[in-house]
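Engineer: The primary structure of each chain is shown beneath.
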Amino acid sequence: MNAIAFEHVKKTYRGGLLNRHGITAVSDVSLDIPIGSVFGLLGPNRAGKTTLVKMLLSLSQPTAGGVRRFGEPASQRHTLGRVGYMHENHAFPRYLSASEVLRFYGGLSGVPGENLDRRAENLLERVGLADRKNEPISRFSKGMVQRLGLAQALMNEPDLLILDEPTEGLDLLGRQLLRDVVREFKQSGRTVLLVSHVLTEVDELCDELAVIVAGELAFRGKPAELTHNGQLTLEAALKDLYLKGAK
Amino acid sequence: MNIPTILLTVRWMVRDTFRQSVSTKLFWVTLGITLLCAAFCASVRVTGDPAPAQHDWEIPSMLPKNEAEKIGIEKVREEGVRVVTGEISFGFGAMTMPSARPREDTVRFLQVWLAGWIADTAGVLLALLWTAGFLPTFLEPQSVTVLLAKPSPRWSILLGKYLGVVGFVTLQATLFVAATWVALGFATGVWTSAYWLAVPLLVGNFAVFYSVSAFLAVWTRSTVASAFGTLIFWLLCWTMNYTHLRMSGVPVEGISASSSFLLDLGYWIMPKPLDLSGIFFDAMQAEALSTKPAELIEAQKAGNFHPEWAVVSCGAFAVGTLALASYEFGTLDY
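The listed protein sequences correspond, in order, to chains Y and L. For the first sequence, this note's numbering assigns the number 1 to the initial residue and increments by one for each residue that follows. For the second sequence, this note's numbering assigns the number 1001 to the initial residue and increments by one for each residue that follows.
What the hints contain is simulated information worked out from the structure, not anything from laboratory work. Honestly, I wouldn't trust all of these hints.
[What the hints assert, rightly or not] Per label pair, the in silico range of CB-to-CB distance:
# : chain 1 : residue 1 : chain 2 : residue 2 : range
1 : Y       : Lys-142   : L       : Asn-1002  : 32 to 38 Å
2 : L       : Leu-1324  : Y       : Ser-138   : 30 to 36 Å
3 : L       : Trp-1219  : Y       : His-78    : 26 to 32 Å
Built from N, CA and C at the ideal position, the CB exists for glycine as well.
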């Protein structure tokens, strides 16, 4: 079974007077991501990667086509209880402490009340924020908020982890922590979708990747296929795809 | 529909809203205002004769002492008119003035002003203004996307936030009424139980208009639009309500049938802040205290004041507006 399936998905954002003008962000993308894989999603800015992630998380609705999570249509929100999502620039309520943030988001993910404290403690320990757990996060640096974002995404022990530019603002230790988490997911047969611009990370962690250019699927396969078994660097191969897409 | 998920979501959102109100200092500011009002009530001293027994057929015959002195107290008494020698003082006696009312009526007069006019008008408008920012900041894409990626239905998130704010106002209204009731009771020895009706009055009025604030917040995601839009809407509703009462009590000549129909339609669709206050005024017997709007009295006399339908239509308006806001929120692309 696939963890994620996009079936001929199209997304057009309406705008202008009487919504007559449309900007197509994604056009006819079909993509499935099997359970247990670490999958990279790449593409230049405004390619449509974030739009795909938003449709996957039911944050926006496709104009045409369908999205499935764990074989069920994305409209079945209960499957979101099996998903963890870390967003690059998420603003948590500044009045909450790190511990309260995890309890709040964990509670909304359906984590039973009796497990909330224990899981929050363990995760704060894991991301290195245990000594700051009762501080309001308004005092946190960007890197600390990112670490908290990772802990938040893991609160419900998800089967699918979606990381959207996760290394933004993270220091070396934070990046190492993230890699460890992704490897753990892979070892335990769970799925990771990694949206990133950091090519070394994608190259190192992903089993497969998809490249989206101008709203269309430009490549899908193993990193080695993209680099022609190492004849090209990943950067050069991607540049080539991006330029072709731009034309 | 997964009921446990919905209940859980509403519970977490209510908790979060209370946490937000404490952290933004709003909780403490409103509590401070309540304590100030309670201190004011504690400083009130009222003297005066007890209220004379009244029957339906009896015309109250009493004059305040200062009025009676102008005629001559003995002469007034010979005419069978009672001379009321009441006084009311504020600030622990710092300011004293004569009162033409029996002691109980003077206290009720104060309570009607405190809850029926000051809290129900200034208080509700301030609460709408202060809480208007809760939803737009919460609905910013950067703040809400992770929350919307949870299994909870979107409408339950909005409902939880709405109930959280209404719950916060309910707590503050209860504290306000309780504190001023106890302070006035101890200071004057008068304990008017009908005063507690101010709690549902304040909460009901707020809840109806906060549904408009929630809709504007979802639609525009702007605190300014949400705050000022709601205040302007309140003013519009108050004017509509007042005009309808005025025309119900004293029919106006020359108004066309279509205008009359439109006025009726607007009155029945829109919230009725003045009608809701009317229920409180009646419970407090405010007509005898000259604190009830004359238009309301005239409309009542003409049989055109229906408090039960006012409550039902205001509730229906709030539910409808909230449903519209939920639909809008549910279909928004983030």
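Engineer: Each hint should be assessed against the structure and marked as holding or not.
Structural biologist: Evaluation of the provided hints:
1. Separation of Lys-142/Y from Asn-1002/L is about 36 Å and conforms to the stated range, judged on CB atoms against 32 to 38 Å.
2. One distance hint, 30 to 36 Å for the beta-carbon pair Leu-1324/L and Ser-138/Y, holds here, with the actual separation near 34 Å.
3. For the pair Trp-1219/L and His-78/Y, the supplied restraint of 26 to 32 Å holds, since their beta-carbon distance comes to about 28 Å.
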